[in-house]
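Participant: What follows is each chain in one-letter form.
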Amino acid sequence: MKAISVKNLTYSYDEHHIAIDDISFDIMQGSYVSIIGPNGSGKSTLAKLIDGLISSNKGEIKIFDTTLDRKNVNKLRQRIGIVFQNPDNQFISSTVEDDIAFGLENQNVDPALMKDIVLEYAKKVKMSDYLDKEPSNLSGGQKQRVAIAGVLALNRDIIIFDEATSMLDPKGREDIRNLIKQLRKSNPNLTMLSITHDIEEAYLSDYVIILNKGKIVKQGNHDEIFSNLDELKSLGFETPFFATIKEKLQKRGYDLKNINNIEELINKLCQLM
Amino acid sequence: MDSISFGRYVNYDSFIHRLDARNKILLLIALMIMIFMPFSTWSTSLIFSLLYFIILMILMGVSHCSFKSFFKGILSMWFLLLFLIIMFIFIPNPSLSSVPLYTFNESYTIYWDGIYQAAYIFLRLILMMSLTLILTSTTKPLDLTYALEWYMYPLNIINFPSHTIAMMISIALRFIPTILDEAKRIMKAQESRGVDFSRGGLFKKVKAIISLIIPLFVSAFDRSQQLSDAMEARGYDPNSKRSRYRKLKFHLKDLISALIILPIVAFIMYLSIAQNDLDIIYTLFKVEVGF
Amino acid sequence: MPIDVTNLTYIYFKKTPFQADALKGVNFHIDDNDFVAFIGATGSGKSTIIQHLNGLLTPSDGTVKVDEFLLTNNKKKNKNIGKLRKHVGVVFQFPEYQLFEETVEEDVAFGPKNFNISKEEALIKAHKALLDVGLNESYFLRSPFELSGGEKRRVAIAGILALEPDILVLDEPTAGLDNEGRDVIMSLFEKIHLEQHKTIILVSHDMDLVNKYAKKVFVVDDGKIVAYGKPKDIFLSYLGHGDLEIPQIYAFCRLLKEKGIDLDVNKIENIDDLIDQIDERIQIKNG
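Protein chains in written order, with this note's numbering: chain S, 1 to 273; chain E, 1 to 291; chain F, 1 to 287.
So that you can see chain S by itself, here it is in the shape it has in the complex:
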């Protein structure tokens, strides 16, 4: 089933500046898709369009086969959660637990049940030791984890990560990547859409859409994108570290077909050496 289907989508802020230019793609339920592109390529605009925070000039967006329009935007939005870029500006309440509960309060969840739900999702993002902490005492990565818990607690079908790691330090970034990996295992039906310029994060996804100046330059599944590193480079991207090493070793004649991550590669090399 298609979770998100975008057809001929166009959006411009003003006459001169077309942010999204005739874009089409499909995202299947349960998949993890990355949209990559340089700053100003239109990635964030796309995220806002999908969540109905802004509405398009042309084309259509379908969320689970329902076309997004002004009337049903509030209903459809209940199937989508967004984790935004700036960790501070999406921390709404004064403490971790209150912030995770914020969305639940909006859904009028029974207060008697809320405490358990908050604790469950705080545990899921490894923030259960920080329930009464205020945002000023948390790192950027921790705040983003709280935001993710807040979205997960709402049981949304789709999560959009809108540059969620771009303001974090490497440690915070790695924490979020690990959390995404873990979510893929624990929530197989959850559709994740990550808008990012971190190529290492994009490497985790099963489908990649490359955006530049509002247009799709290339899209394809993980192997199609990352088996041709030269092309990725020519489009102005760094190549993921693991993919680079793997490709170079393969060129020397090593069979690494079933090696999919760095741990497996290290183990394989240990056997060989």
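Quick caveat, the hints were computed from the structure, so don't treat them as lab data.
Some clues are possibly wrong.
Straight line, CA to CA, 25 Å or less: simulated SDA-like cross-link-like pairs of lysine to any residue [what the hints assert, rightly or not]:
1. F:K216 with S:P170
2. S:K257 with S:E224
3. F:K24 with S:N137
4. F:K232 with S:P170
5. E:K188 with F:D166
6. S:K133 with E:A30
7. F:K259 with S:E174
8. F:K83 with E:R185
9. F:K267 with S:F241
10. F:K65 with F:D34
11. S:K124 with E:R185
12. S:K248 with F:E280
13. S:K181 with S:P170
14. F:K14 with F:G25
15. S:K123 with S:Q107
With the hints as your guide, set chains E and F onto chain S.
Facilitator: Here is chains E and F on its own, set in the frame of chain S:
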């Protein structure tokens, strides 16, 4: 730096911390009224105020308030103190019953009443400060907001947006530290560009402040846009029914504390209003002070 | 301008319940015309150190000496701070948030004007700085608020460059930028370093950047400098213990080392060297 620590919530588990925020607001207002109830003579008022002072100091101790930051707070009001002294001591008191303390040059008299009055008003100010300090340092800001919203609830009948106002207060409380940090950061950045926030003529000072205020506003607008996106994305709608994660609970200890404090306040109000000529020193010691 | 920092100690919120030691006796020396980097985890004290270099913070103890400027815990004696700030330019993280003037050129000229330089001269310096950061005449009269994020950052950097500082301090200059923006900014600083012979002090979490550009690295941990040296030497010395973020190639070597495979890391400069060694090892084993 010191101003940040004054009145900030301090996480302890005292009796007062555990009281319901609504109850604490109610008692705070009652005690404030009590503090402001006047008595017929300055001496009686002063004695009552001293009594309140001792009680509040004990309450501050019980609730782990920082005495240090309290006294620093008082010291920072030195200007006000000076003003009061000048106001009440040196401005002639026309009341006939006033007792002269000292007369300069046969023409200018300082009265005991002026000194009483200055001391009394200053003491009342300190009492107000310590009351507020007890409230804010034992109550989470969020609980305070909820309590305020609860009190504003009846106003909904006249379409008063009590929820919106409470949400505004809680977001303001949440973002004050963030924006203070931001302001410090921008100040440092502008100082690195040669701005001096402490010295310079009027024109330079105005320019310095502009270089702080504009970036602060730009980023605050950015923040508010992003925050409203984030709230909307998590399904916030001010007009629909929301449940509450944090429940304010009225416990037995709230009832007991209210049952102790409210009658005392009522009694003192009665003394103040009905016993207009109460002179505590006269009543207790049968001594006439004041010749 | 050489920098000498001796026994620098800094205590946040001194004499309050929130008192915390940010720096605990920091010593270092930076030569004239050097390119150094301070690295370490968030909250280790890197930012606190660099804020002492232009007198934004006053030492609680110890001294900071930049050329003839001396900063001590005696605030009254640190009179020359104003002048020092002309010589040490600090570019803060996300500097685009300090823009406030109506036009790009005026914003860049704001710094020089604060140092009593005439308006005309300040504008000349501003134009030069803007061209240095790759923004041509067409930007001069635009509003800084209508530019893209990357352009705003370049304007903010020009605002510091226009002061013509001898020492340029950069706090996470590439944070939040994409790949291309990062390269543009960093090659700009390298050019300034090489052509104008300015000392560059970089604070960054991006170890690949540090490895590529810095000549010397100071590792800050818990308010102290725990190691310093050439980037590669530092990263290699941290192969054995995993508490410092290191460039990806060395992190890979670190993982291999944990499994008991010791590569000749001194000979590894890039991915190809790494591949060569792995290949060689496997060939030897297979005879």
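Participant: State for each hint whether it applies.
Facilitator: Going down the list of hints, with the structure as the test:
At most 25 Å may separate the alpha-carbon atoms for a hinted pair to count; F:K216 and S:P170 meet this at roughly 21 Å. For a cut-off of 25 Å, the pair hint linking S:K257 to S:E224 stands: about 14 Å separates their Cα positions. Proposed proximity of F:K24 and S:N137 is supported: the alpha carbons are some 22 Å apart, at most 25 Å. Distance hint between F:K232 and S:P170 is fulfilled; the C-alpha atoms sit about 19 Å from each other, no more than 25 Å.
Among the hinted pairs, E:K188 with F:D166 is consistent with the structure: their alpha-carbon atoms are about 19 Å apart, no more than 25 Å. Distance check on the hinted pair: S:K133 and E:A30 sit about 32 Å apart at the alpha-carbon level, beyond 25 Å; violated. With a CA separation close to 22 Å, the supplied pair F:K259 and S:E174 stays within the 25 Å bound. Restraint check for F:K83 and E:R185: the C-alpha separation of about 21 Å stays at or below 25 Å, so the hint holds.
Proximity of F:K267 to S:F241 is assessed by CA-CA distance (about 19 Å); at most 25 Å being required, the pair is judged to hold. At roughly 16 Å between alpha-carbon atoms, F:K65 and F:D34 fall within 25 Å of each other, so this suggested pair holds. For the given pair, S:K124 sits about 34 Å from E:R185 by alpha-carbon distance, which is inconsistent with the 25 Å threshold. With a CA separation close to 14 Å, the supplied pair S:K248 and F:E280 stays within the 25 Å bound.
With a C-alpha separation of about 16 Å, the suggested pairing of S:K181 with S:P170 holds against the 25 Å cut-off. Between F:K14 and F:G25 the CA atoms are separated by roughly 16 Å; this keeps the pair inside 25 Å, and the hint holds. Using a Cα cut-off of 25 Å, the hinted pair S:K123 and S:Q107 holds, with the two alpha carbons roughly 21 Å apart.
Figure legend: structure checked against the earlier numbered hints; hints not met, in rising order: 6 and 11.
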